[in-house]
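Produce the entire structure from the sequences given, and follow the hints as far as they go.
Going down the list, the protein sequences come from chains R and U. Quick note: the first sequence, position 13, residue 13 per my numbering, numbers continuous. Each number in my numbering comes from the position in the second sequence (counting from 1) with 116 added on.
No lab work stands behind these hints, which were simulated from the structure alone. Note that CB positions come from ideal geometry on N, CA and C, so glycine has one too. Some hints here could point you the wrong way.
Derived DEER-like restraints, expressed as beta-carbon distance ranges [what the hints assert, rightly or not]:
hint, chain 1, residue 1, chain 2, residue 2, range
1, R, Glu17, U, Ile136, 44 to 54 Å
2, U, Ser182, R, Lys70, 37 to 47 Å
3, R, Val78, U, Arg138, 29 to 39 Å
4, U, Asn144, R, Gly52, 36 to 46 Å
5, U, Arg138, R, Ser111, 23 to 33 Å
Listed here are the chains, written in short residue letters.
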Amino acid sequence: AQKITQTQPGMFVQEKEAVTLDCTYDTSDPSYGLFWYKQPSSGEMIFLIYQGSYDQQNATEGRYSLNFQKARKSANLVISASQLGDSAMYFCAMREGPDTGNQFYFGTGTSLTVIP
Amino acid sequence: EPEVTQTPSHQVTQMGQEVILRCVPISNHLYFYWYRQILGQKVEFLVSFYNNEISEKSEIFDDQFSVERPDGSNFTLKIRSTKLEDSAMYFCASRRRQGYGEQFFGPGTRLTVL
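Put into structure tokens, the structure is as follows:
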């Protein structure tokens, strides 16, 4: 089974609107971390937001928030007030286990296009 | 703000040749990683490195790959005999030992094998 599933290969959103990018994960480990990265056309990977499995509250970072639903094993990224510069690939990732050097598992990504 | 750097940004090589991809992780980080991303596909883990040894590696990381931290600042990925299917973007990442869990990624090296 895939560790991370992103079911939306492409999404469009109007500038200034909010958009939700879906991510579901699969793990039996009670301790894990969930991450979202942005990859613009230039190719670099930019960290956006992190949610730990034991965090009680949903993570927020500026216009980014993570809708963490543990029972459903989902960690959707919400971008509020979309900007043209938000157009990029977005990857959801997971680290299993305690806070050590464990690898990240990435999803296949969602390509977001912001329309003026 | 400190960042992970990678050189070269683009490497073109002939099939069968050896390549070395270089990375300078963030200076107070202790865990180092290599990932690759074939064009249009997801990012795949290759190897993690801690305390001067490999801590975890994937099935992709076979005998043709090796990693080294030769001088306490650089972290290298060597591909001994490149194949066409090694063409990909290779990302180096690093993270602190404790606390916040994110990995900081470098800008990547695009490897093209002809």
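Open item on the list: Just to be sure I understand the hint, the distance between the Cβ atoms of glutamate 17 of chain R and isoleucine 136 of chain U should be within 44 to 54 Å; is that true here?
Closed with: holds, 46 Å
Open item on the list: Can you tell me whether the CB distance of valine 78 of chain R to arginine 138 of chain U sits inside 29 to 39 Å?
Closed with: holds, 37 Å
- [ ] State, for the Cβ atoms of serine 182 of chain U and lysine 70 of chain R, whether the hinted interval 37 to 47 Å holds or is violated.
- [x] holds, 39 Å
TODO: Starting from the range 23 to 33 Å, see whether the pair arginine 138 of chain U and serine 111 of chain R falls in it by beta-carbon distance.
DONE: holds, 30 Å
TODO: Return holds or violated for the Cβ distance of asparagine 144 of chain U and glycine 52 of chain R against the range 36 to 46 Å.
DONE: violated, 21 Å
Hint 4 alone, counting from the list given before, is not met by this structure.
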